[in-house]
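We have chain A already, so just place chain B on it with the hints.
2 protein chains.
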Amino acid sequence: MNGAESLVQTLADQGVDICFANPGTSEMHFLKALENPLMRSVLCLFEGVCTGAADGYYRMKETPASTLLHLGPGLANGLANIHNAKRASSGMVNIVGEHSAAHLKYDPPLTSDIEGLARPLSHWVRRVESPSAVAWDVATAVSKASEHPGQIATLILPGDTSWQDAGERAVLPRTPARAKAPDAARIEHIAQVLRSGEPTLIVLAGRSTRGRALEWVGKVKAATGCRVATQFFSSRIERGAGRVTLERIPYAVGLAVEYLKGFRHIVTVETTEPIAFFSYPDKPSLLKSPGTSVHALVEIGEDGAAGLEMLVEALGAASSAAVLQQRSDAPPPSGALTPATIAQALAAALPENCVLVDESLTTGRETMGLTVGAAPHDLINNMGGSIGYGTPVATGAALACPDRRVFCMVGDGSAMYTIQSLWTQAREGLNITTIIFANNSYAILKAEYANMGAGAPGVRALAMIDIDRPRIDWLAMAKSMGVPALAVDTAEAFHKAMADSVNEPGPCLIEVRL
Amino acid sequence: MNGAESLVQTLADQGVDICFANPGTSEMHFLKALENPLMRSVLCLFEGVCTGAADGYYRMKETPASTLLHLGPGLANGLANIHNAKRASSGMVNIVGEHSAAHLKYDPPLTSDIEGLARPLSHWVRRVESPSAVAWDVATAVSKASEHPGQIATLILPGDTSWQDAGERAVLPRTPARAKAPDAARIEHIAQVLRSGEPTLIVLAGRSTRGRALEWVGKVKAATGCRVATQFFSSRIERGAGRVTLERIPYAVGLAVEYLKGFRHIVTVETTEPIAFFSYPDKPSLLKSPGTSVHALVEIGEDGAAGLEMLVEALGAASSAAVLQQRSDAPPPSGALTPATIAQALAAALPENCVLVDESLTTGRETMGLTVGAAPHDLINNMGGSIGYGTPVATGAALACPDRRVFCMVGDGSAMYTIQSLWTQAREGLNITTIIFANNSYAILKAEYANMGAGAPGVRALAMIDIDRPRIDWLAMAKSMGVPALAVDTAEAFHKAMADSVNEPGPCLIEVRL
Numbered sequence: 001m002n003g004a005e006s007l008v009q010t011l012a013d014q015g016v017d018i019c020f021a022n023p024g025t026s027e028m029h030f031l032k033a034l035e036n037p038l039m040r041s042v043l044c045l046f047e048g049v050c051t052g053a054a055d056g057y058y059r060m061k062e063t064p065a066s067t068l069l070h071l072g073p074g075l076a077n078g079l080a081n082i083h084n085a086k087r088a089s090s091g092m093v094n095i096v097g098e099h100s101a102a103h104l105k106y107d108p109p110l111t112s113d114i115e116g117l118a119r120p121l122s123h124w125v126r127r128v129e130s131p132s133a134v135a136w137d138v139a140t141a142v143s144k145a146s147e148h149p150g151q152i153a154t155l156i157l158p159g160d161t162s163w164q165d166a167g168e169r170a171v172l173p174r175t176p177a178r179a180k181a182p183d184a185a186r187i188e189h190i191a192q193v194l195r196s197g198e199p200t201l202i203v204l205a206g207r208s209t210r211g212r213a214l215e216w217v218g219k220v221k222a223a224t225g226c227r228v229a230t231q232f233f234s235s236r237i238e239r240g241a242g243r244v245t246l247e248r249i250p251y252a253v254g255l256a257v258e259y260l261k262g263f264r265h266i267v268t269v270e271t272t273e274p275i276a277f278f279s280y281p282d283k284p285s286l287l288k289s290p291g292t293s294v295h296a297l298v299e300i301g302e303d304g305a306a307g308l309e310m311l312v313e314a315l316g317a318a319s320s321a322a323v324l325q326q327r328s329d330a331p332p333p334s335g336a337l338t339p340a341t342i343a344q345a346l347a348a349a350l351p352e353n354c355v356l357v358d359e360s361l362t363t364g365r366e367t368m369g370l371t372v373g374a375a376p377h378d379l380i381n382n383m384g385g386s387i388g389y390g391t392p393v394a395t396g397a398a399l400a401c402p403d404r405r406v407f408c409m410v411g412d413g414s415a416m417y418t419i420q421s422l423w424t425q426a427r428e429g430l431n432i433t434t435i436i437f438a439n440n441s442y443a444i445l446k447a448e449y450a451n452m453g454a455g456a457p458g459v460r461a462l463a464m465i466d467i468d469r470p471r472i473d474w475l476a477m478a479k480s481m482g483v484p485a486l487a488v489d490t491a492e493a494f495h496k497a498m499a500d501s502v503n504e505p506g507p508c509l510i511e512v513r514l
Numbered sequence: 001m002n003g004a005e006s007l008v009q010t011l012a013d014q015g016v017d018i019c020f021a022n023p024g025t026s027e028m029h030f031l032k033a034l035e036n037p038l039m040r041s042v043l044c045l046f047e048g049v050c051t052g053a054a055d056g057y058y059r060m061k062e063t064p065a066s067t068l069l070h071l072g073p074g075l076a077n078g079l080a081n082i083h084n085a086k087r088a089s090s091g092m093v094n095i096v097g098e099h100s101a102a103h104l105k106y107d108p109p110l111t112s113d114i115e116g117l118a119r120p121l122s123h124w125v126r127r128v129e130s131p132s133a134v135a136w137d138v139a140t141a142v143s144k145a146s147e148h149p150g151q152i153a154t155l156i157l158p159g160d161t162s163w164q165d166a167g168e169r170a171v172l173p174r175t176p177a178r179a180k181a182p183d184a185a186r187i188e189h190i191a192q193v194l195r196s197g198e199p200t201l202i203v204l205a206g207r208s209t210r211g212r213a214l215e216w217v218g219k220v221k222a223a224t225g226c227r228v229a230t231q232f233f234s235s236r237i238e239r240g241a242g243r244v245t246l247e248r249i250p251y252a253v254g255l256a257v258e259y260l261k262g263f264r265h266i267v268t269v270e271t272t273e274p275i276a277f278f279s280y281p282d283k284p285s286l287l288k289s290p291g292t293s294v295h296a297l298v299e300i301g302e303d304g305a306a307g308l309e310m311l312v313e314a315l316g317a318a319s320s321a322a323v324l325q326q327r328s329d330a331p332p333p334s335g336a337l338t339p340a341t342i343a344q345a346l347a348a349a350l351p352e353n354c355v356l357v358d359e360s361l362t363t364g365r366e367t368m369g370l371t372v373g374a375a376p377h378d379l380i381n382n383m384g385g386s387i388g389y390g391t392p393v394a395t396g397a398a399l400a401c402p403d404r405r406v407f408c409m410v411g412d413g414s415a416m417y418t419i420q421s422l423w424t425q426a427r428e429g430l431n432i433t434t435i436i437f438a439n440n441s442y443a444i445l446k447a448e449y450a451n452m453g454a455g456a457p458g459v460r461a462l463a464m465i466d467i468d469r470p471r472i473d474w475l476a477m478a479k480s481m482g483v484p485a486l487a488v489d490t491a492e493a494f495h496k497a498m499a500d501s502v503n504e505p506g507p508c509l510i511e512v513r514l
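Those protein sequence lines, which keep their order, are chains A and B.
Everything in the first sequence is counted per the UniProt record's numbering, starting at 1 for the first residue and increasing by one.
Everything in the second sequence is counted per the UniProt record's numbering, starting at 1 for the first residue and increasing by one.
One chain only, chain A, in its complex shape (with noise of 0.2 Å):
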């Protein structure tokens, strides 16, 4: 086989079987080799759409996707949401094609310093120096990516590599991902935070909010009397009836400095302490109060799980029960479409089981608390803030899980950033509500101009902030690349539109207009 063939065969072998793709000249023998059909590849219209998708593909399915990019511009495309699914230790292995070496040395058009684009966001970059060492070097990539938490394998791939004989089929062995158990000593430390009954505050994140850990945290919750909370974003979340309820830390400063106040104690379990998300003129970064002590449970990294459990352990609580989240009974809303009656439509209107990817931004900030009591579903959040995420995650995460429908809300400004999403997800006839909050703004930047000190925006600001000229045509938008849509204005006619979209095979776009 070639080095191409070699290539697909070995990431197949290795279990990645998907590749979202956009390939160009230097990748036409990796084109060929995908007609192997151990490999599902998916066509996109932009690399920013590849990376999230295999971002989204990850976030479910825990283990990695691949994607084929076409030289160092080609990576630059998909950088943005490799940085956002690298901030949610979501693994993938990106393949970026490039010049033979005997061509490269006259620096022709396409010519860059692939590496050198690369590295600042990619935790494993490497190059393939001759065909035979192609499976040995994607077998690493692969095990690089699926290490926990999930870490950016990137290998550029020579077209000289590619189409030159790689020999017989090598067969690698799998290398499994194991975390980290925490420190034995650490959780009796913590023990003894939760046993002095001072106020306590879990922080969860990474994988430890959802599954098991989420059982265990409610059985510290109930022995304990603590409260449970994950970061403003969280990488993927079970909530909903049924479930341990997680409380949220707000996202601005002030009330997330007010939320943290009462606490003497914050414990983390796979993430860091919490912090602004941007700095301001005369807001503090850092948001616990001067007198609470933070305490690492479990580090990024570690299993944080097995952490959860050896502290029930610890504390004696493993016949605790858990209070689980009931399940909310308010009717459909009607009305106006303000935050509150969205998240009340969205939470009367979520099926069970179905994925939520949420990147409503303003919309959503404040009232998603609102959906907890819906049907039990997994809630996905931007962890990087480049927008432009929404849509490409939506869309590996409904490759991931056919049987599930996604629920992707956004905002209009970030969905323009990657609005090609919606081809691949008709073209692939992907079950998707795509749901755009049409406030015709990147109204998040008005409450920002204030909280920066800057005041009120003025004429030339305004129009940096206000995308309403010309406001955007969703419903043309969705047509022009095949993907059913309708408009909305009122409360019950989203939620209609929301039920209706589940019993629809296939994508649908429903504007929200605001």
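Please note that the accuracy of each hint is not assured.
Since the list gives no way to pick one copy over another, a pair counts as held whenever it fits inside one copy or between any two copies.
[Stated by the list, open to error] Restricting the straight-line Cα-Cα distance to at most 30 Å, the calculated cross-link-like pairs of lysine-lysine (DSSO-like) are:
id : residue 1 : residue 2
1  : 105       : 61
2  : 288       : 105
3  : 261       : 446
4  : 180       : 105
5  : 283       : 261
6  : 180       : 288
7  : 283       : 105
If you are wondering where the hints come from, they were derived from the structure by calculation, not from laboratory data.
Chain B only, in chain A's frame:
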């Protein structure tokens, strides 16, 4: 004034009076400073549009524009078109927002190694260290960007340097850019080559494809019988009726080798000898024949017009009369849309002094020569090979030359990369006719697949090349962003649509159904 005000004022003082912006929270003080009426700020809905527009602006004006980008990921989104600009020797000043120094140490979510991301594609990178340094740093950035050839200057602006006091307005001198004169000894050597009568090709690039340089090279050609060409891609060519005609070295390796075969000498002006765009298993990288000698008349960065003038003097050709291009009097075509009828329709419809931005790839590749007899116009190509350059460059070119109609010919695959450009074109009322060649395919890749020796693509490979499921509805796409559009499927309808577009101010889109 604060640091942000100092920044905007200094940009304007140094002659940079336009900013293509997509701001975020960390740039709110910059936004406030944009109230300065000396600066025109243009909102783009994706950073690749900002950087591509800055490239287009430079291509027409030969002075740099600025961009405003939101931290590392905002810069990353702009990198592909920075790559294209760099390869076109377009100068640009990128202002990248950053967390304040005090906040950065907590590694908040949007943190990344901005210098690391900027360096591979910037000639100059600096982080502002204090508000009082802003003016000096900005003046240095503008001076760097204004060099000949133009440079990519990237200035990182931490929030605190933006909002803190920068003192009085600093008045700094402008540093005018000067191109080096070419070496006189080299001129004499080239004159000898040309006097020998051996078959010689002069290859022009950089600023030598327009203005006085064209006039001089026309005299050299008339006096010596040499031939004159450009590389396949040029940053900007002045061409059409009444101008010296430049041949074009073909793109395909086989055709280029055949074209160059007869020449004993190749003389380069602001470029290097012709090389292949990509490498292929059994094709050469260098396109000249083994017996051909290459001579640099003018190196990149030197003054091409001065070098050609010196050559005219050395040859005693000052009174030679250049042969100028005749106006084609072919009538507008009718019938089926083919590459030839498309080019004929263009030749008939292009109005005098228009600007033609070409990203048509397959559709225009071999037939653009047919437009050489059109009314005089400027032709712009993609120098970096990263697709998605066309619609942003057209946006910037139209802002640089509000009294000239810009035609942007773009393949459907390329257009989807940075389609958000249409929104800025509508918002600013720009005189741009976007021509989408809708073949529902990355058609170039079908040829490249065969060129690579990969044979005919199989079903799965074709699925990564064809973008016909779903077909993009270009009329709906244009409508979604407020641009009037129509579709054509005959040569006469195409010609009429182009001719009509000239009479209607503002943007429009023509879908050419292939």
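Evaluated hints:
1. With identical chains, the CA atoms of residue 105 and residue 61 are never at most 30 Å apart, being 41 Å at best within one copy and 32 Å at best between copies.
2. Taking the shortest Cα distances, residue 288 and residue 105 sit within 30 Å of each other only across copies (16 Å), while inside one copy they are farther apart (54 Å).
3. Taking the shortest Cα distances, residue 261 and residue 446 sit within 30 Å of each other inside one copy (27 Å), while across copies they are farther apart (63 Å).
4. In this homomeric assembly, residue 180 and residue 105 come within 30 Å of each other (Cα to Cα) only across copies, at 26 Å, whereas the closest approach inside a single copy is 45 Å.
5. Taking identical chains as interchangeable, the C-alpha atoms of residue 283 and residue 261 lie at most 30 Å apart only when both belong to the same chain, with a minimum of 15 Å there against 69 Å between chains.
6. Proximity of residue 180 to residue 288 under the C-alpha cut-off of 30 Å is restricted to the intra-copy arrangement: shortest distance 28 Å within a copy versus 59 Å between copies.
7. Proximity of residue 283 to residue 105 under the C-alpha cut-off of 30 Å is restricted to the inter-copy arrangement: shortest distance 15 Å between copies versus 51 Å within a copy.
Of the numbered hints stated above, the single one contradicted by the structure is hint 1.
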